[in-house]
Amino acid sequence: MNIIDSNVLSPWPQPAVCPVAREVADGNGLPLTHKIITNHIVTNHAAGLRQSLTPHHFALTMADHGDDRTATGILARTALPIAALHEIHAGEPGDVSNSAAFALLMAERARMAMEKAGREGAGAIFWVRENGDIRRHGYLYPPGVAELSIDPAGIIYIDAPDTLAALRAAADAARCSALGAVIIELSGQRPKGFDFTATRRLSLSAQKSGVPIFCLRHNAGLPQNQPSAAYSRWQVTSAPSCAMEAKAPGHPVFAVNLLRYRGGHAGFSAHLEWNRDERAFFETPDIGAVSALPSIGADRKDMRQRA
Amino acid sequence: MLAAVDRQAADLGLAAGMKLADARALVPELLVFDYDPLADAALLDRLAEMCLRYTPMVSAVPPGALLLDISGCTHFYGSDAALAEKMLAENIEDRLDGAGYSASWAIAGTPDAALALARHGLREGAERQLPVSALGMDAKTHRALERTGLYHIGDLAVRPRAGLAVRFGAAINLRLDRILGIEDRPINPLRLLGNVTAERRFADPVTQVDFITNCLEELFAEAAIMLQERGQGARIIRMLLFRCDGKMARLGIETGAPTRDRALFARLLKERIAALDDPLNPGFGYDLIRLTIAASEALGAQQYMLEDAEKRGDTQGDQAALIGQLSVRLGRGQIRQFRPADSHIPEQALLALPALDAPPPALLDKWPAPKPGEPPLRPLHLFDPPQRIAVIAEVPDGPPYRFTWRRRLHQILRYEGPERIAPEWWQRKDGQQAGKGGLTRDYYRVEDMRGRRYWLFRHGLYGREKRSPNWYIHGLFA
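Going down the list, the protein sequences come from chains A and B. Heads up: take any position in the first sequence, counting from 1, add 232, and you land on my numbering. Heads up: take any position in the second sequence, counting from 1, add 906, and you land on my numbering.
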């Protein structure tokens, strides 16, 4: 796995922080690095264009948050088009729940952006899944969804008998502009019928209907080996949470790695925590794999105290 | 006891109601099958369905009769009403004969008269020759009537009614009237007629599936016009395709929202035909196709969008159409929506119901809001049933220390718990007594060294409920 500590190495050259006033003051502007998105304005320096693209994009965290040195700040500027296909890979077979949650939360962020942009009553999230996975990965548990501040009543869950049926259902759903988002969950290295053409088709339907599609992949092998027309590709692994009182597990933390990003440079990685109250992601310090020995000792002491 | 005998057996002197031993004594090589009244009823229903091609009002009268209300249904068989009726009846007889059934029929003004005539092999007008047992009263009454010298319905018909009612009860007059055609009785048809029905008959049976689907679409368009007059849209559409050899294909379509849209219907129909287990086999061809709107709901007139039609599409409608389409293709149970259920047992706290049945969002029960400040207390994925794990804990009733799941060892770094969830003892027999209410679960939220979060529980309180409780993994957190 390829996780770069974001505090040490910022993946992007220093980008323009761009309230409009400052950009105007800069005059010629800065060389193009990537599209930058802040409060409702996207500046594209090389072309000298300024488009108001925000209604068509979403970001994983709040737009006016942090600066470019922090992951949260970069994340706020990583504009993800709503009408596109995004791919989320589970880092390891054990990270299924984590990546599923990440996809769901991304879908929720996209839906929030759609609502903000005035698309009334952004519809339900259609979750398409193959039948066979349920035994292995368990089924989606709505009370747990509600705990992430997503209303389970807004999720419609589709069990398809095989990959082809799942793809067909997802393609049909993607053409329906009334939906909030489509999540399609596929497992295995080469799901039958899921090739570059299929991703291209999904991506085109997303562009046409304006509904974001999230493709969730488990056990897909190396993401680099999978051709895809996705706009962005994320690898999600579970990461230790920031402990609550008495060493209780805290809010969900995701170690994400942006492997591909058509709007700019990829290679961004960070530990993100879902903040339920703000309904956005925030960066957390990388706790990393805590070495086992001392904490076990501490744990034992703790346990004895409790017992 | 013999329940029924075939013609050959009847010729040998056997009859229904005989003891099996007696029958065997008469005919030692007798073939005997178990009496299965349900299968008989099912067969009769199938035959009744076959007769739906003649009239929509068909009723099965167990054990072995069919009633068809053919009023106004005979014009296909000629202009002369009486002759046409006869031709229709003979047509049915031929068809049943072709399928291997022998039938006797009668046409009469009332269902009871027709039944009685057919049972006794008589034709219309011969009601007075029927024996009194055709009244269908109990055996005692029949015997009493015969003892008084009244053997035929004709004998009864000329008697003063008041005397009969005094002697045999008021019911006898009613039955007499029904047999004599003085009083009618409604029949109970096999299938309640839908509000709206459209059908098409073909002089030559059609065999091409494309043509059939086209025809169904046209029928739906006809039905849609009728629906529009009533301000309604179709929710459940049933289609019957009668093959000329008597077989029948049945198709049903359920839509997510009331509709009159022909294009939508065409799409759903295509899905439905594609989802059939055995594809539509026209064989020698269909000669009658009928489409019925079995359920409809109010749907106001819609205005066509002249501009921005794509942008301002009816979002609710689109989503319902999609749900309907997927439900037709994958089965209605595969497209589900979650609703909270009132239970504190984790795996019973939800209902997954078909999205087609979901009430509008405003009527849905609300999911409980999470507690502010707390991390998620319920997992995102749940295993049902929970999976057994091997756990090492420092003390038997303490938190887990490490566990093995799917042949992997997980070292627990953080935990919270236990959250104690009591069993539903009131569901069990003698559950209120100690030890019989089921096992308590102690849930722990744990996180291992890799940062994965699990939901584990110990099944049973150590020492009190179980000597060495098992551990299970019940869910995975994000």
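Wrong hints could be hidden among the right ones.
[Said to hold, decoys possible] Per the computed footprint, the stretches of chain B lying under chain A, defined by three or more beta-carbons under 8 Å from a beta-carbon of chain A, are:
| # | stretch |
| --- | --- |
| 1 | 1022-1033 |
| 2 | 1079-1091 |
| 3 | 1243-1251 |
| 4 | 1279-1290 |
[To be verified] Below 27 Å or equal to it, Euclidean Cα-Cα: the simulated DSS-like pairs (lysine-lysine) are:
| # | chain 1 | residue 1 | chain 2 | residue 2 |
| --- | --- | --- | --- | --- |
| 5 | B | Lys925 | B | Lys1046 |
| 6 | A | Lys348 | B | Lys925 |
| 7 | B | Lys1277 | A | Lys348 |
| 8 | B | Lys1342 | B | Lys1372 |
| 9 | B | Lys1372 | B | Lys1335 |
| 10 | A | Lys424 | B | Lys1176 |
| 11 | B | Lys1277 | A | Lys479 |
| 12 | B | Lys992 | B | Lys1153 |
| 13 | B | Lys1153 | B | Lys1176 |
| 14 | A | Lys424 | A | Lys348 |
| 15 | B | Lys1176 | A | Lys440 |
| 16 | A | Lys424 | A | Lys440 |
[Claimed, not checked] Here are some chain B residues the structure puts well away from chain A; computed CB gaps all over 12 Å:
| # | residue |
| --- | --- |
| 17 | Leu918 |
| 18 | Arg1053 |
| 19 | Pro1066 |
| 20 | Leu1257 |
| 21 | Arg1312 |
| 22 | Arg1314 |
| 23 | Arg1320 |
| 24 | Glu1322 |
| 25 | Gly1344 |
Simulated from the structure, these hints should not be mistaken for laboratory data. Think of the CB as a built atom: it goes at the ideal place given N, C-alpha and C, for glycine as much as any other residue.
Results of checking the hints against the structure:
no.: 1; hint: 1022-1033; verdict: violated (count 0)
no.: 2; hint: 1079-1091; verdict: violated (count 0)
no.: 3; hint: 1243-1251; verdict: holds (count 4)
no.: 4; hint: 1279-1290; verdict: holds (count 10)
no.: 5; hint: B:Lys925 x B:Lys1046; verdict: 22 Å, holds
no.: 6; hint: A:Lys348 x B:Lys925; verdict: 82 Å, violated
no.: 7; hint: B:Lys1277 x A:Lys348; verdict: 26 Å, holds
no.: 8; hint: B:Lys1342 x B:Lys1372; verdict: 12 Å, holds
no.: 9; hint: B:Lys1372 x B:Lys1335; verdict: 19 Å, holds
no.: 10; hint: A:Lys424 x B:Lys1176; verdict: 24 Å, holds
no.: 11; hint: B:Lys1277 x A:Lys479; verdict: 19 Å, holds
no.: 12; hint: B:Lys992 x B:Lys1153; verdict: 23 Å, holds
no.: 13; hint: B:Lys1153 x B:Lys1176; verdict: 22 Å, holds
no.: 14; hint: A:Lys424 x A:Lys348; verdict: 37 Å, violated
no.: 15; hint: B:Lys1176 x A:Lys440; verdict: 24 Å, holds
no.: 16; hint: A:Lys424 x A:Lys440; verdict: 25 Å, holds
no.: 17; hint: Leu918; verdict: 55 Å, holds
no.: 18; hint: Arg1053; verdict: 70 Å, holds
no.: 19; hint: Pro1066; verdict: 72 Å, holds
no.: 20; hint: Leu1257; verdict: 9 Å, violated
no.: 21; hint: Arg1312; verdict: 9 Å, violated
no.: 22; hint: Arg1314; verdict: 8 Å, violated
no.: 23; hint: Arg1320; verdict: 5 Å, violated
no.: 24; hint: Glu1322; verdict: 4 Å, violated
no.: 25; hint: Gly1344; verdict: 21 Å, holds
Violated hints for the displayed structure, listed by number in ascending order: 1, 2, 6, 14, 20, 21, 22, 23 and 24.
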